[in-house]
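*Asks:* What follows is the residue order along each chain.
There are 2 protein chains.
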Amino acid sequence: MPTAVPVSNVAEALFAPQTIALIGASGDPAKNTARPLQYLRKHGFKGGVFPINAAREEVLGEKAWPDLAAASKAAGGPIDHAYIMVPGPAVPGVISDCAAAGVKVASIYSDGFAETGEDGLRFQVDMVAAAREGGLRLIGPNSMGVVNLHAAMGMTTNAALEAPGLIPGPFSVISQSGTALGALLSRGQARGFGFSKLLSIGNESDLSVGEVVDFLVDDPDTGAILLFLETLRRAEDLALAARRAYAAGKPVIAYKIGRSDAGQQMAVSHSGALAGPDAAATAFFRHHGIVRVDTLEALLETSNLVSGLKPATGRRAAVMTTTGGGAAMVVDRLGLTGVDFAVPPASVVTRLEGL
Amino acid sequence: MPTAVPVSNVAEALFAPQTIALIGASGDPAKNTARPLQYLRKHGFKGGVFPINAAREEVLGEKAWPDLAAASKAAGGPIDHAYIMVPGPAVPGVISDCAAAGVKVASIYSDGFAETGEDGLRFQVDMVAAAREGGLRLIGPNSMGVVNLHAAMGMTTNAALEAPGLIPGPFSVISQSGTALGALLSRGQARGFGFSKLLSIGNESDLSVGEVVDFLVDDPDTGAILLFLETLRRAEDLALAARRAYAAGKPVIAYKIGRSDAGQQMAVSHSGALAGPDAAATAFFRHHGIVRVDTLEALLETSNLVSGLKPATGRRAAVMTTTGGGAAMVVDRLGLTGVDFAVPPASVVTRLEGL
Chain A
60 MPTAVPVSNV
70 AEALFAPQTI
80 ALIGASGDPA
90 KNTARPLQYL
100 RKHGFKGGVF
110 PINAAREEVL
120 GEKAWPDLAA
130 ASKAAGGPID
140 HAYIMVPGPA
150 VPGVISDCAA
160 AGVKVASIYS
170 DGFAETGEDG
180 LRFQVDMVAA
190 AREGGLRLIG
200 PNSMGVVNLH
210 AAMGMTTNAA
220 LEAPGLIPGP
230 FSVISQSGTA
240 LGALLSRGQA
250 RGFGFSKLLS
260 IGNESDLSVG
270 EVVDFLVDDP
280 DTGAILLFLE
290 TLRRAEDLAL
300 AARRAYAAGK
310 PVIAYKIGRS
320 DAGQQMAVSH
330 SGALAGPDAA
340 ATAFFRHHGI
350 VRVDTLEALL
360 ETSNLVSGLK
370 PATGRRAAVM
380 TTTGGGAAMV
390 VDRLGLTGVD
400 FAVPPASVVT
410 RLEGL
Chain B
60 MPTAVPVSNV
70 AEALFAPQTI
80 ALIGASGDPA
90 KNTARPLQYL
100 RKHGFKGGVF
110 PINAAREEVL
120 GEKAWPDLAA
130 ASKAAGGPID
140 HAYIMVPGPA
150 VPGVISDCAA
160 AGVKVASIYS
170 DGFAETGEDG
180 LRFQVDMVAA
190 AREGGLRLIG
200 PNSMGVVNLH
210 AAMGMTTNAA
220 LEAPGLIPGP
230 FSVISQSGTA
240 LGALLSRGQA
250 RGFGFSKLLS
260 IGNESDLSVG
270 EVVDFLVDDP
280 DTGAILLFLE
290 TLRRAEDLAL
300 AARRAYAAGK
310 PVIAYKIGRS
320 DAGQQMAVSH
330 SGALAGPDAA
340 ATAFFRHHGI
350 VRVDTLEALL
360 ETSNLVSGLK
370 PATGRRAAVM
380 TTTGGGAAMV
390 VDRLGLTGVD
400 FAVPPASVVT
410 RLEGL
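Chains A and B, in that order, give the protein sequences. Each residue of the first sequence is one higher than the one before, starting from 60 at the first, in my numbering. Each residue of the second sequence is one higher than the one before, starting from 60 at the first, in my numbering.
Hints in this document: simulated from the structure, not taken from any laboratory. Just so you know, even glycine gets a beta-carbon here, dropped at the ideal spot from N, CA and C. Any given hint might turn out to be false.
Claimed, not checked - The calculated SDA-like cross-link candidates involving lysine to any residue, where the alpha carbons are at most 20 Å apart (straight line), are:
(1) B:LYS90 with A:LEU414
(2) A:LYS90 with B:THR382
(3) A:LYS90 with B:THR381
(4) B:LYS105 with B:GLY135
(5) A:LYS132 with A:GLU121
(6) B:LYS101 with B:PRO223
(7) A:LYS90 with B:LEU414
(8) B:LYS101 with B:ASP178
(9) A:LYS101 with A:SER85
(10) A:LYS101 with A:HIS209
(11) A:LYS105 with A:GLY147
(12) B:LYS90 with A:LYS122
(13) A:LYS90 with A:ALA133
(14) B:LYS105 with B:LEU119
(15) A:LYS105 with A:ALA222
As the list claims (entries may be wrong) - If you want a taste of the chain B side facing chain A, the calculated C-beta under 8 Å gives, among others:
(16) ALA75
(17) ALA342
(18) GLY348
Chain A on its own, in the form it takes in the complex:
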């Protein structure tokens, strides 16, 4: 059995690969599987990109390699990160090729795994076991890929990367929904918020949300970590990573759906995960210093608000405004969260009255 890839190498291959293989990259620009190559080029990724397509010698005007072995040879060594976009049933064969070629991380776009039911789950578990056996870590399946704006790495099928001039910044995002990832990126950019890493975790079959948070705690380009969650799959990983993030002064902010019964059922059917009672999630977040918000918009705004700040240790606040109506809105809303209000000391009142 080959030696497992050291963690630091996984994080690097995941977010800052020197070489990327796009396995199953389509030559039809209208297909989602043609997007990663387009976006890597559009945003100016500096590393090596190797489209792999057994059926064509050329993809979107670039040379395509027939298989991973040929690509590795052209790259002069193992490919760091493979993005697998072949049909679901073909994925295990590709994983086996990746292991043989020494690929460190594979992100899997393909679907037809745990989200389809019992058989799909078994198929997924077997695939992960084979990958581990081959010394390879996985993102997905059902993953829209990985973006690192500090490295112009747009390895994603998400159309949010169509936008030109994306601004690098301190926010990193891990999402159990690929489309929510795109929505956060495009809405955030429209407000002038810059992003660092954005990762679509998909079915979270191998690398978990918590493990990726852990990588981000050590990432100097990440100032705050935003999570879009439909469920808590590997809560112990997340708990440990969140505590490390807290100690490092990097806020972790989570928008988790599944607050209503209907939402929980939806999350189950969408991602194949079992959703627990929502109150348990709230208690979990609070216990491990994760800020929970309840809209996609708040995920962005709260991250901007708390970035670089340690949580307050007290529960008393003073509110200062130029208007009664503004004060009333702020006090009312804060009051609902259990904050107490401090009135100005007599000396301050006297001094203000004298002005």
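Dock chain B against the given chain A, drawing on the hints supplied.
*Replies:* Relative to the frame of chain A, chain B by itself:
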């Protein structure tokens, strides 16, 4: 005792006056009391505007009249709407002048009334009694004035009117906070929402929120009625007007603060009103067909959303999206409001699968 002004004339004098007197208009452009004249001119009000200032012959480059009698004479008849901006103690004298000059409506910017305590409340009650006696209806005191974008009427001390090119539209706003009024106008305009009437009701000593809603139900330029409330002062007026609005197909949307204890105390001290238990307010709104929202932003967005629509009669919804994450967010949030979800009938599923 003079005959009371007919209601239709009150509404017209309030929102579409032919003549406006600005009593206590300052000649110092840095003062709030200089703003109404500036804004009426800036936005091109077509009616007659009469600054009244006993101390100066000229205000901001325009002729000023020494008193209301002189202004009425110049106007060739009674002034429709007076905006009173003199110091609080001088207001009763001005009200008496207004009554003598046949003014139909006076809006009062001055403070020092019910919001200051028991003595102020008595002072306010006496003033209202005198106004009624004189056949005059009042807005305020503590009112930032009245805006009608369909008539370029910027009779307000609120700096939101500094913005050029305000867009007329279907939203009318009544606010117990003058600054919230300005915030709604400027934020709404930034989103492209057009406004009709905006009225700062202040202490609501005479004309009530409900009475003004009632005027707006009959206003062809008003499509939806937005309320910013700190308290419910004359609930019976509002109940009747809201039911008329409902029948007319004009949604009434309310953002009422005072949900937290701290917020309630704040509302009391800011506006001098007694705030009741918040659950009673929720029940009241629901009973009378008023949509309650809980942020300033939702007041704008919800108004835009429900404008021109009758409330749904059922509680079942179908959700159709192109993405699992999007569906999960929508279903989760709707589920919290008690909406049930309809799944597509088998025939639809079969047909979609065949595509």
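*Asks:* For a C-alpha distance cap of 20 Å, please report whether LYS132 (chain A) and GLU121 (chain A) respect it.
*Replies:* 17 Å, holds
*Asks:* What's the verdict on LYS101 (chain A) and HIS209 (chain A), does the C-alpha distance respect the 20 Å limit or exceed it?
*Replies:* 14 Å, holds
*Asks:* Hey, LYS101 (chain B) versus ASP178 (chain B), does the alpha-carbon distance stay inside 20 Å?
*Replies:* Violated, at roughly 39 Å.
*Asks:* Given the hinted pair LYS90 (chain B) and LYS122 (chain A), is their Cα-Cα distance within 20 Å?
*Replies:* 71 Å, violated
*Asks:* Taken at face value, is the distance from the CA of LEU414 (chain A) to the CA of LYS90 (chain B) at most 20 Å?
*Replies:* 17 Å, holds
*Asks:* Would the hint linking LYS90 (chain A) and THR381 (chain B) be met if the CA-CA limit is 20 Å?
*Replies:* 15 Å, holds
*Asks:* Is the Cα-Cα distance between LYS101 (chain A) and SER85 (chain A) 20 Å or less?
*Replies:* 16 Å, holds
*Asks:* Are GLY348 (chain B) and chain A close enough, Cβ to Cβ, to be under 8 Å, as the hint says?
*Replies:* Since chain A brings no Cβ nearer than about 24 Å to GLY348 (chain B), farther than 8 Å, the hint is violated.
*Asks:* Taking 20 Å as the top limit, are the C-alpha atoms of LYS90 (chain A) and ALA133 (chain A) close enough?
*Replies:* 26 Å, violated
*Asks:* Please verify that hint: ALA75 (chain B), Cβ, nearest Cβ of chain A, below 8 Å or not.
*Replies:* It is violated, given that the least Cβ distance between ALA75 (chain B) and chain A is near 26 Å, above 8 Å.
*Asks:* Within 20 Å, alpha carbon to alpha carbon, are LYS105 (chain A) and GLY147 (chain A)?
*Replies:* Violated - the C-alpha atoms of GLY147 (chain A) and LYS105 (chain A) are around 30 Å apart, more than 20 Å.
*Asks:* With the threshold set at 20 Å, check whether the alpha-carbon distance from LYS105 (chain A) to ALA222 (chain A) stays at or below it.
*Replies:* Since the Cα atoms of LYS105 (chain A) and ALA222 (chain A) sit roughly 19 Å apart, the hinted pair holds (cutoff 20 Å).
Of the numbered hints stated above, those contradicted by the structure are hints 8, 11, 12, 13, 16, 17, 18, listed in ascending order.
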